[in-house]
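Asks: Sequence:
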Amino acid sequence: MASCDQEVARTITTARSFMKIWTCLVALALLAGCGDDGSSTTDDGPEDATQVPPTTGKVAMREWLAAGHYKQWACEADAHDATIGVSPHGKQRICSNDALAAHGDGEYPVGASAVKELYDAEGASIIGYAVYRHVKAGTDGGSWYWYEEVPADHPAPHDKDGIVADGLGDAGPAMSVCVSCHQAAGSDAAHPGHDFVYVQVQ
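Here the sequence shown stands for residues 1 to 202, numbered as in this note's numbering.
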């Protein structure tokens with residue numbers, strides 16, 4: 001009789017252990033189903049392409065610029081000579097998105113962006129673009145994404161596709177070309193603006 005009772009007890013214990021394991025496996029499967037689905041949206045939903053440029057390289061940037069969303073931002077009326085004397089950009093026209101245009105002093109909010117149209121010497125035709133976007137909190141150049149594209153005969157250093165910079169400002173040309181200049185914004189009367197932005201169009 002004792003042997004029979006012991007066998008029943010062992011069977012119950014084994015069944016309980018099996019149920020615990022099965023419950024854990026089901027829970028893990030459910031958690032996996034609730035994970036990242038691989039989409040590019042954030043917790044706040046998808047990015048508004050009319051307000052922020054892409055940060056995924058020249059192909060996406062060229063498509064975005066061609067769509068002309070930035071032309072609905074706060075833009076300077078016409079092309080003009082560079083705001084600062086040491087600017088390599090020549091004649092230009094700048095557009096600021098809502099986040100950049102509406103901001104006051106201090107660090108710009110994440111998403112603040114601007115497009116600088118680069119013109120020929122006569123100021124008649126667009127020959128290139130410089131784009132910058134604040135991608136994460138921080139007051140260093142690496143918190144901004146920088147993109148610049150110029151024609152093949154432009155004096156600015158560029159690759160075979162005319163790309164001067166394409167990336168965060170903590171390395172490469174984005175740091176040595178873009179950040180090295182823009183970090184002086186707000187440093188003195190000859191360098192207006194602040195937080196890597198010389199011109200805030202409102």
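Heads up, some of the hints might be wrong.
[Unchecked claim] Below, simulated SDA-like cross-link-like pairs (lysine to any residue); rule was C-alpha separation at most 25 angstroms, straight line:
#1 Lys91 <-> Asp188
#2 Lys136 <-> Thr56
#3 Lys136 <-> Asp78
#4 Lys160 <-> Gly172
#5 Lys136 <-> Val201
#6 Lys91 <-> Glu47
#7 Lys136 <-> His69
#8 Lys136 <-> Gly111
#9 Lys58 <-> Ser180
#10 Lys160 <-> Trp73
#11 Lys91 <-> Val177
#12 Lys136 <-> His182
#13 Lys58 <-> Ser87
#14 Lys136 <-> Ser180
#15 Lys136 <-> Gly106
#16 Lys136 <-> Ala124
#17 Lys71 <-> Ile84
#18 Lys91 <-> Met61
#19 Lys136 <-> Thr55
#20 Lys58 <-> Trp73
#21 Lys91 <-> Ala121
#22 Lys160 <-> Ile127
#23 Lys136 <-> Arg62
#24 Lys136 <-> Ala152
#25 Lys58 <-> Ala152
#26 Lys136 <-> Met61
#27 Lys136 <-> Ala101
#28 Lys91 <-> Lys136
#29 Lys160 <-> Arg62
#30 Lys136 <-> Thr50
#31 Lys160 <-> Pro88
[What the hints assert, rightly or not] Per label pair, the in silico range of CB-to-CB distance:
#32 Gln72 <-> Val110: 15 to 23 angstroms
#33 Pro109 <-> Ser180: 18 to 26 angstroms
#34 Ala101 <-> Ser187: 35 to 43 angstroms
#35 Glu47 <-> Asp105: 38 to 46 angstroms
#36 His80 <-> Ala184: 15 to 23 angstroms
#37 Gly57 <-> Pro151: 32 to 40 angstroms
#38 Ala67 <-> Asp161: 16 to 24 angstroms
#39 Glu63 <-> Ala101: 22 to 30 angstroms
#40 Ala184 <-> Pro109: 36 to 44 angstroms
No lab work stands behind these hints, which were simulated from the structure alone.
In this text, a Cβ means the ideal position worked out from N, Cα and C, and glycines have one as well.
Asks: If a hint holds in the structure, say so; if it does not, say that too.
Replies: Hints and how they fare:
| no. | hint | in the structure |
| --- | --- | --- |
| 1 | Lys91 <-> Asp188 | holds (22 angstroms) |
| 2 | Lys136 <-> Thr56 | holds (15 angstroms) |
| 3 | Lys136 <-> Asp78 | violated (31 angstroms) |
| 4 | Lys160 <-> Gly172 | holds (16 angstroms) |
| 5 | Lys136 <-> Val201 | holds (21 angstroms) |
| 6 | Lys91 <-> Glu47 | violated (31 angstroms) |
| 7 | Lys136 <-> His69 | holds (22 angstroms) |
| 8 | Lys136 <-> Gly111 | holds (8 angstroms) |
| 9 | Lys58 <-> Ser180 | holds (22 angstroms) |
| 10 | Lys160 <-> Trp73 | violated (31 angstroms) |
| 11 | Lys91 <-> Val177 | holds (18 angstroms) |
| 12 | Lys136 <-> His182 | holds (17 angstroms) |
| 13 | Lys58 <-> Ser87 | holds (23 angstroms) |
| 14 | Lys136 <-> Ser180 | holds (19 angstroms) |
| 15 | Lys136 <-> Gly106 | holds (15 angstroms) |
| 16 | Lys136 <-> Ala124 | violated (35 angstroms) |
| 17 | Lys71 <-> Ile84 | holds (23 angstroms) |
| 18 | Lys91 <-> Met61 | holds (21 angstroms) |
| 19 | Lys136 <-> Thr55 | holds (12 angstroms) |
| 20 | Lys58 <-> Trp73 | holds (21 angstroms) |
| 21 | Lys91 <-> Ala121 | holds (7 angstroms) |
| 22 | Lys160 <-> Ile127 | holds (16 angstroms) |
| 23 | Lys136 <-> Arg62 | holds (23 angstroms) |
| 24 | Lys136 <-> Ala152 | violated (32 angstroms) |
| 25 | Lys58 <-> Ala152 | holds (15 angstroms) |
| 26 | Lys136 <-> Met61 | holds (19 angstroms) |
| 27 | Lys136 <-> Ala101 | holds (18 angstroms) |
| 28 | Lys91 <-> Lys136 | violated (30 angstroms) |
| 29 | Lys160 <-> Arg62 | holds (16 angstroms) |
| 30 | Lys136 <-> Thr50 | holds (19 angstroms) |
| 31 | Lys160 <-> Pro88 | holds (19 angstroms) |
| 32 | Gln72 <-> Val110: 15 to 23 angstroms | holds (21 angstroms) |
| 33 | Pro109 <-> Ser180: 18 to 26 angstroms | holds (24 angstroms) |
| 34 | Ala101 <-> Ser187: 35 to 43 angstroms | violated (22 angstroms) |
| 35 | Glu47 <-> Asp105: 38 to 46 angstroms | violated (26 angstroms) |
| 36 | His80 <-> Ala184: 15 to 23 angstroms | holds (20 angstroms) |
| 37 | Gly57 <-> Pro151: 32 to 40 angstroms | violated (19 angstroms) |
| 38 | Ala67 <-> Asp161: 16 to 24 angstroms | holds (20 angstroms) |
| 39 | Glu63 <-> Ala101: 22 to 30 angstroms | holds (24 angstroms) |
| 40 | Ala184 <-> Pro109: 36 to 44 angstroms | violated (22 angstroms) |
Hint compliance for this structure: hints 3, 6, 10, 16, 24, 28, 34, 35, 37, 40 are not met, and every other hint is.
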